[in-house]
Amino acid sequence: MQASTTDILTDRMPLYWLCYRHNNQISVVIEPGASLIHARLRASLAGLDEGEFTEGHELDRKWRVPKEMVGRRLSQEEAKRLLAKFG
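Heads up: the sequence shown at position 73 corresponds to 73 in this note's numbering, and the numbers run straight through without jumps.
If you are wondering where the hints come from, they were derived from the structure by calculation, not from laboratory data.
Keep in mind that a hint or two might mislead.
Unchecked claim - List of simulated lysine to any residue pairs, SDA-like, C-alpha gap at most 20 Å:
| hint | residue 1 | residue 2 |
| --- | --- | --- |
| 1 | 62 | 25 |
| 2 | 80 | 55 |
| 3 | 85 | 38 |
| 4 | 67 | 79 |
| 5 | 85 | 75 |
| 6 | 67 | 54 |
| 7 | 80 | 12 |
| 8 | 62 | 46 |
| 9 | 67 | 52 |
| 10 | 67 | 27 |
| 11 | 67 | 86 |
| 12 | 67 | 25 |
| 13 | 85 | 48 |
| 14 | 80 | 13 |
| 15 | 85 | 57 |
| 16 | 85 | 22 |
| 17 | 62 | 27 |
| 18 | 80 | 57 |
| 19 | 80 | 58 |
| 20 | 67 | 22 |
| 21 | 62 | 48 |
| 22 | 62 | 22 |
| 23 | 67 | 21 |
| 24 | 85 | 51 |
| 25 | 85 | 40 |
| 26 | 67 | 51 |
| 27 | 85 | 61 |
| 28 | 80 | 38 |
| 29 | 85 | 47 |
| 30 | 80 | 59 |
| 31 | 85 | 56 |
Claimed, not checked - Simulated DEER-style distance windows between Cβ atoms:
| hint | residue 1 | residue 2 | range |
| --- | --- | --- | --- |
| 32 | 72 | 52 | 32 to 38 Å |
| 33 | 83 | 51 | 28 to 34 Å |
| 34 | 78 | 47 | 16 to 22 Å |
| 35 | 61 | 24 | 31 to 37 Å |
| 36 | 22 | 64 | 16 to 22 Å |
| 37 | 36 | 72 | 27 to 33 Å |
| 38 | 34 | 77 | 25 to 31 Å |
| 39 | 60 | 24 | 14 to 20 Å |
| 40 | 25 | 62 | 27 to 33 Å |
It should be emphasised that the depicted structure is a prediction, and the values quoted were computed from it without experimental measurement.
Backbone N, C-alpha and C fix where the C-beta goes; we use that ideal spot for every residue, glycine too.
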């Protein structure tokens, strides 16, 4: 199966760690984007931006984030494990 142009471009974009606060809970989304605002827009269009945006950070390109963690809301446990792995 051949990758689409969108998939290829997304694979080359940096990843962003986006944090949201909703109902006294923190949620984390890892989203690719050309910039922080682009990653936030992508998360919003995918319906992943529930709550108030609190912070976002570009992840170091050396970090190898599993593909299944990209483009979805992470559980707090998943976010903690990922931070522990790279922190």
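Cross-check of the supplied hints:
| no. | hint | result |
| --- | --- | --- |
| 1 | 62 to 25 | violated (29 Å) |
| 2 | 80 to 55 | holds (16 Å) |
| 3 | 85 to 38 | violated (26 Å) |
| 4 | 67 to 79 | holds (14 Å) |
| 5 | 85 to 75 | holds (15 Å) |
| 6 | 67 to 54 | violated (24 Å) |
| 7 | 80 to 12 | violated (25 Å) |
| 8 | 62 to 46 | violated (26 Å) |
| 9 | 67 to 52 | violated (25 Å) |
| 10 | 67 to 27 | holds (18 Å) |
| 11 | 67 to 86 | holds (16 Å) |
| 12 | 67 to 25 | violated (24 Å) |
| 13 | 85 to 48 | violated (23 Å) |
| 14 | 80 to 13 | violated (23 Å) |
| 15 | 85 to 57 | holds (17 Å) |
| 16 | 85 to 22 | violated (25 Å) |
| 17 | 62 to 27 | violated (23 Å) |
| 18 | 80 to 57 | holds (16 Å) |
| 19 | 80 to 58 | holds (17 Å) |
| 20 | 67 to 22 | violated (25 Å) |
| 21 | 62 to 48 | violated (25 Å) |
| 22 | 62 to 22 | violated (30 Å) |
| 23 | 67 to 21 | violated (24 Å) |
| 24 | 85 to 51 | violated (26 Å) |
| 25 | 85 to 40 | violated (24 Å) |
| 26 | 67 to 51 | violated (24 Å) |
| 27 | 85 to 61 | holds (14 Å) |
| 28 | 80 to 38 | violated (24 Å) |
| 29 | 85 to 47 | violated (27 Å) |
| 30 | 80 to 59 | holds (15 Å) |
| 31 | 85 to 56 | holds (19 Å) |
| 32 | 72 to 52: 32 to 38 Å | violated (19 Å) |
| 33 | 83 to 51: 28 to 34 Å | violated (19 Å) |
| 34 | 78 to 47: 16 to 22 Å | holds (18 Å) |
| 35 | 61 to 24: 31 to 37 Å | holds (33 Å) |
| 36 | 22 to 64: 16 to 22 Å | violated (28 Å) |
| 37 | 36 to 72: 27 to 33 Å | violated (18 Å) |
| 38 | 34 to 77: 25 to 31 Å | holds (30 Å) |
| 39 | 60 to 24: 14 to 20 Å | violated (30 Å) |
| 40 | 25 to 62: 27 to 33 Å | holds (29 Å) |
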